[in-house]
Amino acid sequence: SREQKSFCLCSCYNLSQRVWANLILLVLCYTCVFASTTLMIGGAALATLSVGGDSSNAPVAQGVFFVGAAAVSIFTAPLFDRLGRRFGFAVGSCIGIVGGCIGMGGIFASSTALVILSAFPTGMATGVGLHLRFAAMEVVREEVKPFAMTLVLSGGCIAAFLGPESQLATTGIFGENLEYFGLFMMIVIFNAVGAILVLFVKFPAEEDDSTEDLETVEEDGVMRVDVKDREEKIEIVYTPFRSMFARTDILTSAALASFAWIIMSMPMSIFRVAMAALGYSTRLSLTTLELHFLGMYSPGFFAGSMIKKFGTEIISSWGSVLFAFGLLANLLSRGEENGTPASWIMGLIFLGVGWHLTFASATVMLAKTYEGTPHEARRVQSFNDIIMFGTSGSLNVATGYIYSAGRSDINGWRLVNFVVAGLLIANVKLLFFEKQRNKRINSVNECTTT
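Those letters in the sequence shown? Residues 132 to 581, by the numbering used here.
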């Protein structure tokens with residue numbers, strides 16, 4: 132019966148119906164955020180070309196997108212502290228609406244500058260929306276957090292097709308001169324829907340997180356927040372951002388997440404331009420993009436349980452292996468005349484799955500860094516995203532110039548992947564360093580207990 136099925140669903144992980152409802156709403160919110168993201172990442176380069184840009188500055192919009200996500204990360208902690216999760220996410224969606232409107236204006240005015248500029252607020256919206264993965268871990272018990280986080284990330288499976296297909300459906304419907312006007316219109320729509328959906332999520336009581344009656348002072352490099360106008364005096368100690376650079380565990384998590392985004396996004400930012408230059412159709416490159424996004428988010432259905440069973444070190448190592456297979460497939464890619472799209476498709480899928488395993492592992496590792504100081508969670512999350520998106524944005528801006536340095540053909544595509552291969556080697560060294568660090572910590576703990 133219907134009641135029995137509902138009971139079975141809610142019995143999984145022993146979660147209540149209310150918690151399941153919250154998780155489903157968060158999945159839908161994440162879907163809206165990343166439908167907008169897939170539109171910008173997948174279509175911004177082509178939209179730039181359509182208004183007079185060239186192959187060297189086509190990926191700049193994606194770089195600006197990541198810079199916007201990094202910039203907003205400076206303000207996400209105070210944003211959520213002041214407004215709470217619900218209205219904080221709604222504000223992020225409203226910023227995304229502004230980005231879509233700027234993009235529509237850029238297409239209407241045939242302005243390359245406006246199209247590239249639109250990526251900044253859209254990136255800001257994604258930077259705020261990415262905190263949905265942390266919010267998911269806040270609405271469940273400790274042992275269910277990896278499952279909740281990866282479940283929300285799996286909302287990208289819907290966005291993997293919803294974003295690109297909505298771009299295809301709206302391409303040219305406003306006339307040849309406004310070919311990509313519909314792309315930015317859909318960014319506005321998805322952000323508007325996301326802003327409405329998040330208002331129905333019941334987050335844990337946030338009144339205790341409000342900072343309206345807090346007085347902040349800095350003493351000896353430590354931020355102290357004293358509660359005013361209350362009978363009791365509560366002191367909350369916040370570590371300043373600059374002190375987090377001394378935390379090896381935080382820096383390792385942030386670096387791992389950064390490598391995940393860079394290794395995945397650099398080839399992704401230019402592959403549609405490369406496929407078009409080598410004779411492949413728009414439909415085929417769009418299908419490749421959809422399968423890439425599906426590879427990015429489909430592991431969300433099992434990655435949480437894998438991390439719980441094998442640990443973050445092993446799962447992130449698997450991610451590096453998949454990155455290597457993806458780059459190898461990319462280097463074997465050919466033009467339409469003497470090759471097939473199979474290597475392009477497999478390369479982008481491997482990069483997508485490798486991204487998910489590495490990024491999910493980095494997220495769980497980061498969550499462990501503030502287990503003993505939960506009041507610092509949002510500040511640590513913001514610090515992580517500043518590093519992650521700042522480095523990703525910088526290197527994505529450079530991708531177009533690397534591609535052009537290789538003469539904007541198959542050689543340019545290979546050059547981009549060789550550069551990314553060097554970054555993968557650095558990622559593997561980081562994983563080795565983290566493994567050795569954990570061994571030293573465990574040996575010290577064993578000596579202490581004995």
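Careful: at least some of the hints might be erroneous.
BS3-like cross-link-like pairs, simulated, lysine-lysine; straight-line CA separation at most 25 Å [claimed, not checked]:
id, residue 1, residue 2
1, K439, K560
2, K560, K333
3, K333, K570
4, K570, K440
5, K439, K499
6, K440, K276
7, K333, K566
8, K566, K499
9, K439, K566
10, K570, K560
11, K440, K333
12, K499, K560
13, K276, K333
14, K439, K570
15, K560, K440
16, K440, K566
17, K499, K440
Label-pair ranges, simulated between beta-carbon atoms [claimed, not checked]:
id, residue 1, residue 2, range
18, T504, G183, 44 to 54 Å
19, I556, T379, 39 to 49 Å
20, A244, E296, 44 to 54 Å
21, T379, G553, 17 to 27 Å
22, E307, S412, 11 to 21 Å
23, A557, E502, 25 to 35 Å
24, E502, S241, 18 to 28 Å
The set of hints was computed from the structure by calculation and includes no laboratory data. Glycine included, each C-beta is placed from N, C-alpha and C at the ideal position.
Going through the hints against the structure:
no., hint, in the structure
1, K439 to K560, "holds (23 Å)"
2, K560 to K333, "violated (42 Å)"
3, K333 to K570, "violated (40 Å)"
4, K570 to K440, "holds (19 Å)"
5, K439 to K499, "holds (13 Å)"
6, K440 to K276, "holds (13 Å)"
7, K333 to K566, "violated (38 Å)"
8, K566 to K499, "holds (16 Å)"
9, K439 to K566, "holds (17 Å)"
10, K570 to K560, "holds (15 Å)"
11, K440 to K333, "violated (30 Å)"
12, K499 to K560, "holds (22 Å)"
13, K276 to K333, "holds (17 Å)"
14, K439 to K570, "holds (19 Å)"
15, K560 to K440, "holds (24 Å)"
16, K440 to K566, "holds (17 Å)"
17, K499 to K440, "holds (16 Å)"
18, T504 to G183: 44 to 54 Å, "holds (51 Å)"
19, I556 to T379: 39 to 49 Å, "violated (21 Å)"
20, A244 to E296: 44 to 54 Å, "violated (28 Å)"
21, T379 to G553: 17 to 27 Å, "holds (24 Å)"
22, E307 to S412: 11 to 21 Å, "holds (18 Å)"
23, A557 to E502: 25 to 35 Å, "holds (28 Å)"
24, E502 to S241: 18 to 28 Å, "violated (52 Å)"
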